[in-house]
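Visitor: Chain by chain, the residues:
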Amino acid sequence: ELKVEQNPLFLSMQEGKNYTIYCNYSTTSDRLYWYRQDPGKSLESLFVLLSNGAVKQEGRLMASLDTKARLSTLHITAAVHDLSATYFCAVDNQFYFGTGTSLTVIP
Amino acid sequence: EPEVTQTPSHQVTQMGQEVILRCVPISNHLYFYWYRQILGQKVEFLVSFYNNEISEKSEIFDDQFSVERPDGSNFTLKIRSTKLEDSAMYFCASTLGREAATGTDTQYFGPGTRLTVL
Chain A
6 ELKVEQNPLF LSMQEGKNYT IYCNYSTTSD RLYWYRQDPG KSLESLFVLL
56 SNGAVKQEGR LMASLDTKAR LSTLHITAAV HDLSATYFCA VDNQFYFGTG
106 TSLTVIP
Chain B
430 EPEVTQTPSH QVTQMGQEVI LRCVPISNHL YFYWYRQILG QKVEFLVSFY
480 NNEISEKSEI FDDQFSVERP DGSNFTLKIR STKLEDSAMY FCASTLGREA
530 ATGTDTQYFG PGTRLTVL
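Respectively, the protein sequence lines represent chains A and B. Our numbering puts the first residue of the first sequence at 6, with every later residue one more than the last. Our numbering puts the first residue of the second sequence at 430, with every later residue one more than the last.
Treat the hints as calculated values from the structure; they're not laboratory data. Model, not experiment: these values are computed from the prediction. Warning: the hint list may mix true and false statements.
[Unchecked claim] Mimicking DSSO-like on lysine-lysine, the simulated pairs with C-alpha atoms at most 30 Å apart in a straight line are:
no., chain 1, residue 1, chain 2, residue 2
1, B, Lys512, B, Lys486
2, A, Lys8, B, Lys507
3, B, Lys471, B, Lys507
4, B, Lys512, A, Lys73
5, B, Lys512, A, Lys22
6, A, Lys73, A, Lys61
7, B, Lys507, A, Lys61
8, B, Lys486, A, Lys8
9, B, Lys512, B, Lys471
10, A, Lys22, B, Lys486
11, B, Lys507, A, Lys73
12, A, Lys22, B, Lys507
13, B, Lys512, A, Lys46
14, A, Lys61, A, Lys22
15, A, Lys61, B, Lys512
16, A, Lys22, A, Lys73
17, A, Lys46, B, Lys471
18, A, Lys8, A, Lys61
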């Protein structure tokens, strides 16, 4: 069974700080997706990464993909409170989701 | 902006009862999906549907589950005999296509139906 693991599971960080969320997956996948979920809400697509070395950025979030290491990262730059949410990665046509990382940004 | 809608927002049912969850995907989308999320846990894929057929399904999607597109707009998930462990948030999603390179596989999720089985 394909496994998708994220760490950390919970992250509390101060505004203005930088941090990285990691997504490891256990088998080859030609694409990787990142989603955001606000508490009690649905999922919002953030990024799709298609190839080794792919990097995408949107505002304070930057995602990258290393297919050889089966690793994707979501880097948060100068966090703000509005980024507080749970972030999920997903692989294999979005059929396998990671465990999620619950991010809380503290003023 | 077009959006995926789901009804009801919350469904409470007794164990053993049948439930039907409804979704209206974005009108020009061709691929439809159901996911579930048990409270506080990860999102789990159930089934994908294209051209009036199931394309893929997970191990969770057993004989108790079925999907249907009864008309040109609705996409439904039926659970025949609900169990306590079926309690979860159920999300519907739709995509225009399946090509990541062109972005047609971007999933648009509905707001979800919270199913509570007593």
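Visitor: With reference to the structure, classify each hint as holding or not holding.
Guide: Each hint tested on the structure:
1. B:Lys512 / B:Lys486: OK: Lys512 (chain B) and Lys486 (chain B) at ~19 Å, within 30 Å.
2. A:Lys8 / B:Lys507: Distance of about 28 Å is within 30 Å: holds.
3. B:Lys471 / B:Lys507: holds (21 Å)
4. B:Lys512 / A:Lys73: violated (41 Å)
5. B:Lys512 / A:Lys22: violated (45 Å)
6. A:Lys73 / A:Lys61: holds (18 Å)
7. B:Lys507 / A:Lys61: Since the Cα atoms of Lys507 (chain B) and Lys61 (chain A) sit roughly 38 Å apart, the hinted pair is violated (cutoff 30 Å).
8. B:Lys486 / A:Lys8: holds (17 Å)
9. B:Lys512 / B:Lys471: Since the Cα atoms of Lys512 (chain B) and Lys471 (chain B) sit roughly 19 Å apart, the hinted pair holds (cutoff 30 Å).
10. A:Lys22 / B:Lys486: Judged against 30 Å, a Cα distance of about 41 Å means the pair is violated.
11. B:Lys507 / A:Lys73: violated (40 Å)
12. A:Lys22 / B:Lys507: violated (46 Å)
13. B:Lys512 / A:Lys46: holds (24 Å)
14. A:Lys61 / A:Lys22: It holds: about 20 Å lies between the C-alpha atoms, which stays within 30 Å.
15. A:Lys61 / B:Lys512: violated (42 Å)
16. A:Lys22 / A:Lys73: Given pair Lys22 (chain A), Lys73 (chain A) holds - Cα atoms ~29 Å apart, limit 30 Å.
17. A:Lys46 / B:Lys471: holds (14 Å)
18. A:Lys8 / A:Lys61: Since the Cα atoms of Lys8 (chain A) and Lys61 (chain A) sit roughly 24 Å apart, the hinted pair holds (cutoff 30 Å).
Hint compliance for this structure: hints 4, 5, 7, 10, 11, 12 and 15 are broken, all remaining hints hold.
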